[in-house]
Amino acid sequence: MLLLVGAIPIKGLPLSLGTISLAEQGVTVNGRVLDIDRGTAAMITVVCTICLEFGLEPPKGLIAGDIGTRDGSRKIYEYLAEHLSELDVSVLTFHYIMPDIKRNKKVLEKISTLEKKPILIADAGSMYVAKAGGDAAFYDVFTPDLGESAYLADDKAAHPTYTRGFIFHLEDDVPELIRRAYESNNAARTMFVKGAVDYICHDGEIVEKISEPNIEALEPIGGTGDMITGMISGLIYAGKSPVEACRIAGRVNRRAGELSQPTPATQVKDIIKFIPAALKQVLE
Amino acid sequence: MNWLKKKKKEAASKTEAVTRGLLIFADTSTLMHAEQVLKEENYDIRVVSPPPEYRTGCDLSLEFPLVEAPGITRMLKEIGLAPIDVLPVSGNGFKPLQLFKSKDFGRYLMVRAANMKITLDKTTKRIVNISGGGCPDIPYLAREMVGKLLSEAPEPAMIGFSLCAYSLNMAYEEMIRMTGDE
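So the protein sequences, as listed, match chains S and G.
Counting from 1, position 251 in the first sequence corresponds to residue 254 in our numbering; the numbering is continuous, with no gaps.
Counting from 1, position 144 in the second sequence corresponds to residue 178 in our numbering; the numbering is continuous, with no gaps.
Note that these hints are calculated values from the structure, not bench results.
As the structure is a computational prediction, the values presented were derived from the model and not from experiment.
For each residue, glycine too, the CB sits at the ideal point set by N, CA and C.
Watch out, some of these pointers could steer you wrong.
[Stated by the list, open to error] No more than 16 Å apart at the CA atoms, straight line, and that leaves these computed lysine to aspartate or glutamate pairs for EDC-like: (1) Lys135(G) / Glu261(S); (2) Lys276(S) / Glu27(S); (3) Lys105(S) / Glu81(S); (4) Lys14(S) / Glu178(G); (5) Lys276(S) / Glu247(S); (6) Lys137(G) / Glu219(S); (7) Lys137(G) / Glu27(S); (8) Lys135(G) / Glu27(S); (9) Lys105(S) / Glu178(G); (10) Lys137(G) / Glu85(S).
[To be verified] Quick list of the computed label-pair ranges, beta carbon to beta carbon: (11) Glu215(S) / Asp138(G): 32 to 38 Å; (12) Thr213(G) / Asn217(S): 23 to 29 Å; (13) Arg108(G) / Arg35(S): 44 to 50 Å; (14) Met4(S) / Lys159(G): 43 to 49 Å; (15) Glu112(S) / Ile118(G): 24 to 30 Å; (16) Gly181(G) / Glu89(S): 26 to 32 Å; (17) Pro86(G) / Asn217(S): 24 to 30 Å; (18) Lys105(S) / Lys156(G): 27 to 33 Å; (19) Glu186(G) / Gln28(S): 40 to 46 Å.
Next comes chain S alone, as it looks inside the complex (with noise of 0.2 Å):
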């Protein structure tokens, strides 16, 4: 099974655990339909998108309310930790979410209880928690953009908005970054580093970088990165590589992007739909 977990900012949202399905409005989790247009949800869409174009089974979310107050992060956290065992998982991608080392840690301690353990995925909140308790390198793979970067390389900092300010004027040197990151045991085994420039990284090591097309009006648009994750997890379930799935997600990207041409203004949503159409491209 293919579990994705996170945060959707809806105050109240009981946890829930179910199939999730392309709606004509959105993407629903449990039958509950979601707006797509960023987060969580966004990313889900993405997966969903990449388990159609492959013929798989549709993936599962976990989800809850949570816009900050930290319940329904809180609930995320007490199940995964109680009941990972009784799941048949074998991708576990982790999203938006409150981070909270602690309950975090509890998760991981279940993680290592399975028999066989899930490739793990971390994004946004997830990834700032792995990073923030020490445990980054538990993890398969980070899809981290610049400023989280940044974060991963300060080995002080517990949040991207303690990076200090030093490592934050390092973005121009995205490779001393990522050296910085693998070096402090604060990176993923695989990263992809979201930029102007994308960068593959596995074991330490950059395998790849991608800077066409370059599409400048992406930067400014929320939820592309979570387009990123989305992809990665489902070619991951597709049976890919984590560095092979972060060539493909990579490219398919910015062909997404560029077939969508967008402005600063556009909304992730009318570049999700043309993930089918790129994916193909790409593909051939």
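With the hints as your guide, set chain G onto chain S.
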């Protein structure tokens, strides 16, 4: 909200040499409200990371002159923003990143603070995108702010809860400063 004018900057500066303390809050939202109130009252405060035993991975604390603890805590209590703890300063608190990067796309201007970006249509003065961040209030904030005039959108500090919201608020304030659009 400048309803208590007793504390002036000059008075605060006299306390520079005394031991400083930390105000620990239950959540970042309360802290952001308290920060705004204390700044308006000219208290000499700064936002720093809390000591490790209070850290969850997304939190802040307020450093202040310890000598002012009674007045500050009483005032915060009166307005429903009481801290959960008051500690002597640990000396190892990190300050939130106060650096900005901006990018001009012609009609659009993007401002970034730490991991958060906000983009404005310079012609219509409407917020067209919010990007970055990983805490669950960011998609919520984006829904509340995108499409609205910069001058009318809710402040992230007032409706957000997380450190990502804190960074977004810095980007939002920088955008206001750059465009002069309050």
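Hints and how they fare:
{"no.": "1", "hint": "Lys135(G) / Glu261(S)", "verdict": "25 Å, violated"}
{"no.": "2", "hint": "Lys276(S) / Glu27(S)", "verdict": "12 Å, holds"}
{"no.": "3", "hint": "Lys105(S) / Glu81(S)", "verdict": "11 Å, holds"}
{"no.": "4", "hint": "Lys14(S) / Glu178(G)", "verdict": "13 Å, holds"}
{"no.": "5", "hint": "Lys276(S) / Glu247(S)", "verdict": "22 Å, violated"}
{"no.": "6", "hint": "Lys137(G) / Glu219(S)", "verdict": "10 Å, holds"}
{"no.": "7", "hint": "Lys137(G) / Glu27(S)", "verdict": "35 Å, violated"}
{"no.": "8", "hint": "Lys135(G) / Glu27(S)", "verdict": "38 Å, violated"}
{"no.": "9", "hint": "Lys105(S) / Glu178(G)", "verdict": "31 Å, violated"}
{"no.": "10", "hint": "Lys137(G) / Glu85(S)", "verdict": "46 Å, violated"}
{"no.": "11", "hint": "Glu215(S) / Asp138(G): 32 to 38 Å", "verdict": "23 Å, violated"}
{"no.": "12", "hint": "Thr213(G) / Asn217(S): 23 to 29 Å", "verdict": "27 Å, holds"}
{"no.": "13", "hint": "Arg108(G) / Arg35(S): 44 to 50 Å", "verdict": "45 Å, holds"}
{"no.": "14", "hint": "Met4(S) / Lys159(G): 43 to 49 Å", "verdict": "47 Å, holds"}
{"no.": "15", "hint": "Glu112(S) / Ile118(G): 24 to 30 Å", "verdict": "27 Å, holds"}
{"no.": "16", "hint": "Gly181(G) / Glu89(S): 26 to 32 Å", "verdict": "42 Å, violated"}
{"no.": "17", "hint": "Pro86(G) / Asn217(S): 24 to 30 Å", "verdict": "42 Å, violated"}
{"no.": "18", "hint": "Lys105(S) / Lys156(G): 27 to 33 Å", "verdict": "45 Å, violated"}
{"no.": "19", "hint": "Glu186(G) / Gln28(S): 40 to 46 Å", "verdict": "27 Å, violated"}
Consistency with the previously given hints fails for numbers 1, 5, 7, 8, 9, 10, 11, 16, 17, 18, 19, ordered from lowest to highest.
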